[in-house]
Amino acid sequence: MTDKPLVLLTGASGYVGGKLLTRLERDGVRTRCLVRDPANFHRPVGATTEVVAGDAMKRSSLDAAMQGVTHAYYLIHSMEGDESFENADREAATNFGAAAREAGVQRIIYLGGLGAKGADLSPHLRSRHEVGDILRESGVPVLEFRAAVVIGRGSISYEMIRALVNRLPVMITPKWVSVPTQPIAVTDLLQYLSAALNIPMDASTNYEIGGADQVTYGEIMRSYARLRGLSRMMVPVPVLTPGLSSLWLEFITPVQAKVGRKLIESIENPTVVTDTRALHDFDVKPVTMEQALRDAIAEEESASDRTP
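For the sequence shown, position 16 matches number 226 in the numbering used here, and the numbering has no gaps at all.
Hints were generated in silico from the structure; no laboratory data involved. Careful: at least some of the hints might be erroneous.
In the SDA-like style, the derived pairs of lysine to any residue whose C-alpha atoms are separated by at most 20 Å in a straight line are [to be verified]:
{"no.": "1", "residue 1": "Lys327", "residue 2": "Glu312"}
{"no.": "2", "residue 1": "Lys214", "residue 2": "Glu260"}
{"no.": "3", "residue 1": "Lys268", "residue 2": "Arg240"}
{"no.": "4", "residue 1": "Lys327", "residue 2": "Thr486"}
{"no.": "5", "residue 1": "Lys268", "residue 2": "Ala313"}
{"no.": "6", "residue 1": "Lys229", "residue 2": "Thr486"}
Bear in mind the structure is a predicted one, so any value in this text is a computation, not a measurement.
Construct all of the structure, not just a fragment, from the sequences and the given hints.
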């Protein structure tokens, strides 16, 4: 037996969850990965990690997975589902919170989205906020991080930007490219998520996190083009709505159409940090947008060099 905390990790098959698992294993954290079908989870795991079956949409499947768990990461997102993702997210969060409460879990760490609550919030961001509310209603203390664009090789947002800039010498840019956001490097996000296991906390709280710069989506694309040595022309037009833009993206980006459409709709809303407590409470010094892009490009090139 060991007295080390046991951490439940959901979303290990996804981008952030997979990278977080690597970080937890590096730090020697006892981790239990919750996946729908362990036979289809092909990622090698270390000696401190176990993989168990469970589905947040099936309440009864969570009980055994929660036994002995002290901290649980909630990185579940239903945007790829065929049904209404809002309803699916609502049900999954309700089930997870109830199971965590009954198992005596001490803390849920949830990754949500930036964006001020209001009637004009996109369905995607509104659902992200609602999930946090549902988890808190379970009675288990919740540490919620709210982040915007994650920059790193493999993240959906970054891959959308990369594909647009690489494929379009002339870009017809709708109004949403001038909407402000505060992108965060995936390495900084992982620092926040791993530190959340040990930060003192008496009750539920949320932190807004982002990189060092508040920029527009157009500025991210122009910076990527410059770093890649690409000459790109942006022609702004007022008529290409987020809905039409999402259909346009299906033809020019490799990301899944359903996910891309819902993400692009959320770009109507500014997603910047307005509460800077995270900078004081965590030992994280976020890098600039340009440095995050440089790191992502370097990872791309390194992976390309390793490909036969």
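Consistency of the hints with the structure:
no.	hint	in the structure
1	Lys327 / Glu312	violated, 30 Å
2	Lys214 / Glu260	holds, 14 Å
3	Lys268 / Arg240	violated, 24 Å
4	Lys327 / Thr486	holds, 17 Å
5	Lys268 / Ala313	holds, 16 Å
6	Lys229 / Thr486	violated, 25 Å
Against the hints set out earlier in the document, violations occur for numbers 1, 3 and 6.
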